[in-house]
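Peer 1: Kindly produce the complete structure, drawing on both the sequences and the hints.
Residue numbers (the numbering used here), protein chains in the order written: chain B, 1 to 290; chain Z, 1001 to 1231.
Wrong hints could be hidden among the right ones.
Said to hold, decoys possible - The calculated lysine-lysine pairs, modelled on DSBU-like cross-linking and capped at a C-alpha distance of 35 Å, are:
(1) B:Lys63 with Z:Lys1162
(2) Z:Lys1200 with Z:Lys1150
(3) Z:Lys1021 with Z:Lys1220
(4) Z:Lys1021 with B:Lys122
(5) Z:Lys1028 with B:Lys194
(6) Z:Lys1220 with B:Lys122
(7) B:Lys60 with Z:Lys1028
(8) Z:Lys1021 with B:Lys125
(9) Z:Lys1021 with B:Lys60
(10) B:Lys148 with Z:Lys1021
(11) B:Lys60 with Z:Lys1200
(12) B:Lys288 with Z:Lys1200
(13) B:Lys194 with B:Lys169
For the record, the hints were derived by calculation from the structure and aren't laboratory data. None of these values were measured; they are calculated from a predicted model.
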Amino acid sequence: MGKLVVIDGGLFTTVQDAGRCGFRKYGVPVSGVMDNSAFELVNRLVGNSQDTPVLEMTLKGGKYRFESDSVIALTGANMNPTINGKSVELNSSLEIKAGDILEFEYASRGCRCYLGIRGTWKIEKILGSCSTYIEGNFGGIEGRSLQKGDQLHWKEIQADFQSYTLSQKEIPYYSSKLTVEFISGPEWNWLSKKEQVEFLSTEFTISSESNRMGIRLNSDFQIEEKKREMVSSGVIPGIIQLPPNGSPIILMKDGQTIGGYPRIGKVLDIHLNRLAQVPPNGTIRFKKSD
Amino acid sequence: MESGSLQLNGISWSVFRLGEKAWLLQPKVSERVLEHIHSTSDLLEQSRIDGLQDIITAYDSITLIYDTQFKYDPDIISDISSSTEQHLSTEKNIFEIKVCYELGMDWSEVEVKTGLSKEEVISIHSTQNYTLAMMGFMPGFIFLDGLDRKIAVPRKETPRIKVPSGSVGIGGNQTGMYSLESPGGWQIIGRTTKSFFDVKKTPPTKLKAGDKIRFNRISKDEFDKLVVKNG
Chain B
1 MGKLVVIDGG LFTTVQDAGR CGFRKYGVPV SGVMDNSAFE LVNRLVGNSQ
51 DTPVLEMTLK GGKYRFESDS VIALTGANMN PTINGKSVEL NSSLEIKAGD
101 ILEFEYASRG CRCYLGIRGT WKIEKILGSC STYIEGNFGG IEGRSLQKGD
151 QLHWKEIQAD FQSYTLSQKE IPYYSSKLTV EFISGPEWNW LSKKEQVEFL
201 STEFTISSES NRMGIRLNSD FQIEEKKREM VSSGVIPGII QLPPNGSPII
251 LMKDGQTIGG YPRIGKVLDI HLNRLAQVPP NGTIRFKKSD
Chain Z
1001 MESGSLQLNG ISWSVFRLGE KAWLLQPKVS ERVLEHIHST SDLLEQSRID
1051 GLQDIITAYD SITLIYDTQF KYDPDIISDI SSSTEQHLST EKNIFEIKVC
1101 YELGMDWSEV EVKTGLSKEE VISIHSTQNY TLAMMGFMPG FIFLDGLDRK
1151 IAVPRKETPR IKVPSGSVGI GGNQTGMYSL ESPGGWQIIG RTTKSFFDVK
1201 KTPPTKLKAG DKIRFNRISK DEFDKLVVKN G
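Peer 2: Right, dumping it as structure tokens:
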């Protein structure tokens, strides 16, 4: 049995997998990794099946002690990882000895770093998924972010394993200035032509109040007229909600299932991965894709 | 933007695109909207459509979420059902939920805003039959349709950070229940001991949109006994 002990959880670290599907009719959000592309890469690097959970570290990772020899990998944000004080590479399989200490700093590029560990993780599935959903207090480890003293266990995979490193072209470049494409939403035409043009030419700043539920954006963009009231209706990750104050919210993986703000668009899934890597105070622009 | 329309379950629906793999359907009817929504949701669920991962039922819409990347094609949804017969189910489960109104936290505000006494509000609230309109925005949050307008009360100006699980509240023209402890702005008028939502069970609740709900008043003593009994 493999084992890891949390010495310091970091700023906000949770267990996530591909997410929880089929329960949105009960109000249960999909949850799961914010950056699906980094998730797929990390499990590939350690030879795990694609639905194996990972640790998702936000802005600053923690400090972890391995109590068994293990194969791990790190993808996503660069949090300047070290093993026993020595720098290690991202995007590469890494061999760990029992007693090794893996430590992270603040992200110097990107926002979320993923730790994959080769093996079958021992995490109780809630509604078919290991993903932590903080607002519901369930999933992952007791429905919360990792704390000092928490332990992770996994069953080792016996098959031979060949370490490898991703090629340069497979590694995404994380910019803190991003243009995201969206498909117009049901209420896009609630905006006047002038408002639409303005929305598309505005540079939005990512607020530090952003989280796994939604990325909140600030700017001087304003809606001119009072819009009609909307009846609450279905929403999904990627939906751009526009509250009356003109500050859009892009719903993310822990976003609610039903919302009452106009849905002016839906960010393309492939761009949501990049968006998940833009840190607070990074900027984004919107481009209409249809 | 409306992407088209289709015939489904005997009526016409507007179709809106919601990104790469989700669609929103809105019935083009002005009466019995909820009944059309609920019976069509049931129909869609029973059809076991290939790749349909999630259905979100709301007051005036149904959202369909698929698990694969589709090339957008309105014909795909038109194929959902060839049925032209209108199907409105009349037999629905009726759930009785025991509520201790003594555990309400906002009685003074509710009395002022309705102009009615606590006893009058309880008597109105506990004699109505409600329809479970939808679940969401949070897990197991239950929106009930059918509140008597006399006891409608606007939401609290400042939402509570923590509303206890099982709380029964009034928010505008709606009444509803918080299954899990969560933040919330509804006026809390009571609490139920019944655990009707458990994420450790699949499905997490027996309730579903379209069900009928009735509230039965219980005393604080009965509530406490039930708490002990249910552990």
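Peer 1: Now tell me, hint by hint, if it's right for this structure.
Peer 2: Against the structure, the hints come out as follows:
Annotation: proposed proximity of lysine 63 of chain B to lysine 1162 of chain Z holds, straight-line Cα distance about 32 Å (limit 35 Å). Of the supplied pair hints, the one linking lysine 1200 of chain Z and lysine 1150 of chain Z is violated, its CA atoms being roughly 38 Å apart against a limit of 35 Å. Restraint check for lysine 1021 of chain Z and lysine 1220 of chain Z: the C-alpha separation of about 49 Å exceeds 35 Å, so the hint is violated. Using a Cα cut-off of 35 Å, the hinted pair lysine 1021 of chain Z and lysine 122 of chain B holds, with the two alpha carbons roughly 32 Å apart.
Between the alpha carbons of lysine 1028 of chain Z and lysine 194 of chain B the distance comes to roughly 30 Å, so the proposed pair stays at or under 35 Å and holds. Proximity of lysine 1220 of chain Z to lysine 122 of chain B is assessed by CA-CA distance (about 42 Å); at most 35 Å being required, the pair is judged violated. For the given pair, lysine 60 of chain B sits about 50 Å from lysine 1028 of chain Z by alpha-carbon distance, which is inconsistent with the 35 Å threshold. Of the pairs offered as hints, the one joining lysine 1021 of chain Z and lysine 125 of chain B holds, with about 26 Å between alpha carbons and a cut-off of 35 Å not exceeded.
For the suggested pair lysine 1021 of chain Z and lysine 60 of chain B, the alpha carbons sit about 33 Å apart, so the restraint of at most 35 Å is met. Under the criterion of a C-alpha separation no larger than 35 Å, the hint pairing lysine 148 of chain B with lysine 1021 of chain Z is inconsistent with the structure, at around 40 Å. Between lysine 60 of chain B and lysine 1200 of chain Z the CA atoms are separated by roughly 31 Å; this keeps the pair inside 35 Å, and the hint holds. Straight-line distance between C-alpha atoms of lysine 288 of chain B and lysine 1200 of chain Z comes to about 41 Å, which puts the hinted pair past the 35 Å bound.
Between the alpha carbons of lysine 194 of chain B and lysine 169 of chain B the distance comes to roughly 40 Å, so the proposed pair goes past 35 Å and is violated.
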